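All chains should be built: construct the whole structure from the sequences, respecting the hints.
Numbering-wise (our numbering), the sequence shown opens with residue 44 and increments by one.
What the hints contain is simulated information worked out from the structure, not anything from laboratory work. Certain hints may be false.
Using C-beta positions, here's what the derived DEER-type ranges look like [unchecked claim]:
# : residue 1 : residue 2 : range
1 : GLU277    : ASP68     : 21 to 29 angstroms
2 : LYS194    : GLY101    : 20 to 28 angstroms
3 : ASP160    : VAL280    : 33 to 41 angstroms
All figures in this text were calculated on a predicted structure; none of them were measured in a lab. Yeah, the Cβ is synthetic: ideal placement off N, Cα and C, and Gly gets one too.
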Amino acid sequence: MVANILVAHGMRKGDQNKALGEFIDRLLQDETYTYELAFIESEEKSVEHTIINLIEKGETQFKVVPLLIFSAMHYIVDIPEMLRNIKQAHPNITYEISAPLGTHPYMVDLVEQRINDVDIKEESDVAVVLIAHGSFSYTKAHDELKEFSTKLKQDKPIYCRTLYGDITFKNDLDQLSRQYHHLIVVPMFLYDGRLVNKVKGFISEMDIANELHMTPSINFDPILKSIIRERLKELTV
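Here's what the structure looks like:
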């Protein structure tokens, strides 16, 4: 039997992991497959701890779905390294890691919905700003964000920005706000938590000239359930 592992970022301390687990359980409560939720950062439900517990129960095959939007450090380095270390200690296991969530076609539908839900009476002079996590070192995530933006069926200009890295919105969001009467900002994060609050905090300190409309993040939208299911189906271990 194959074990399904969903890997979220998590936090080493505090109640965020418990709350995140409850969100995911509610999202996936009608799914027919079983899964274990593990965290990149956790003292009790780490990836290593979760998988080794399953190995001790006889599991040897693992489908791993990172609950990450694009391919930055956690996706490219951290999760693969954790799995390699486990396999080194347990060479009989096999595993496969899915693509990130944000590169799935359904994510385009979700973000289109977020943009279209913004009620702007005056449809002219509107631009969209996508804000993802970003990275200074692992810029494949930036490339994926830009590729993602080309798939959106919008007649508005679309700008790709990040919280961290060379294309951070902190560089020029105030300037963009002077070019358009309305900016629709879509935070491309799993849920409206700590990182989205950081984005909002930085924006509140900027000199925004015109109307800025912040949409909800992905926020465990039902479409996310379909993306996770599809990612699991794509894996062949």
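Verification of the hints:
1. Between GLU277 and ASP68 the Cβ separation comes to about 23 angstroms, which falls inside the hinted range of 21 to 29 angstroms.
2. A C-beta distance of roughly 42 angstroms is found between LYS194 and GLY101, which places it outside the suggested range of 20 to 28 angstroms.
3. The supplied range of 33 to 41 angstroms is met by ASP160 and VAL280, whose beta-carbon atoms lie about 38 angstroms from each other.
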